[in-house]
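Work out the full structure, taking the sequences as your base and the hints as a guide.
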Amino acid sequence: MSSGKIIVQLHNFSSINHCREFVKIALNLGARDIILSKATGTAATTGVPIAQKLAHAQGANLLYLQSIEDSIELVNPDEIFLFIKKPFSKEIFDVQKITKSYSEGKNILLIFGGSEPGLTKQELEKGTAVYFDKLNELGCLGEVTLALYLLRKEIEKD
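Counting from 166, one number per residue, gives the positions in the sequence shown under our numbering.
Since the hints were derived computationally from the structure, they do not count as laboratory data. Being a predicted model, the structure only gives us computed values, none of them experimental. Where is the CB? At the ideal position from N, CA and C, for every residue including glycine. Don't take every hint at face value.
Derived CB-CB ranges, DEER-like [as the list claims (entries may be wrong)]:
(1) 189 x 210: 18 to 26 Å
(2) 314 x 244: 14 to 22 Å
(3) 224 x 302: 30 to 38 Å
(4) 287 x 206: 20 to 28 Å
(5) 197 x 293: 20 to 28 Å
(6) 241 x 287: 18 to 26 Å
(7) 211 x 255: 35 to 43 Å
What follows is the structure in structure tokens.
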């Protein structure tokens with residue numbers, strides 16, 4: 166049984182701190198493929214270079230792209246999960262579903278919106294929109310932490 170890849174993406178953000186912390190969290194929870202997209206303001210000019218240094222120092226891959234479409238084109242994921250609050254999503258995050266796909270060798274793209282609400286209706290149509298049951302106000306940093314922690318814990322069981 167081969168393992169796929171779990172790729173994490175922070176999309177549509179303007180905070181240097183969100184950018185830096187997102188990458189630090191992802192790296193510390195085992196992510197080795199990270200995408201940043203649609204950064205604005207100082208996040209684009211200062212945050213992205215900081216994130217690139219962090220990723221490089223840990224031997225991880227980091228791409229800076231303009232859009233979710235660019236990410237899909239370049240990494241060609243088998244499955245895409247977009248994290249957003251419950252009113253905009255109907256499906257609960259299912260760690261077993263994702264780890265099953267991962268263990269089957271599929272490449273999975275997890276996309277987190279960096280601003281409120283984070284992702285547009287059109288962007289949400291690119292994959293499966295998910296939310297955390299009973300934890301609806303985590304923000305992108307809480308969501309990436311919880312998602313990667315739960316995935317890592319489930320993958321390490323196998």
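Hints versus structure:
1. 189 x 210: 18 to 26 Å: holds (19 Å)
2. 314 x 244: 14 to 22 Å: Holds - the Cβ-Cβ distance for residue 314 and residue 244, about 19 Å, lies within 14 to 22 Å.
3. 224 x 302: 30 to 38 Å: holds (34 Å)
4. 287 x 206: 20 to 28 Å: At 23 Å between Cβs, range holds.
5. 197 x 293: 20 to 28 Å: About 23 Å separates the Cβ atoms of residue 197 and residue 293, which means 20 to 28 Å holds.
6. 241 x 287: 18 to 26 Å: holds (20 Å)
7. 211 x 255: 35 to 43 Å: holds (37 Å)
This entry satisfies every hint, going by the numbered hints stated previously.
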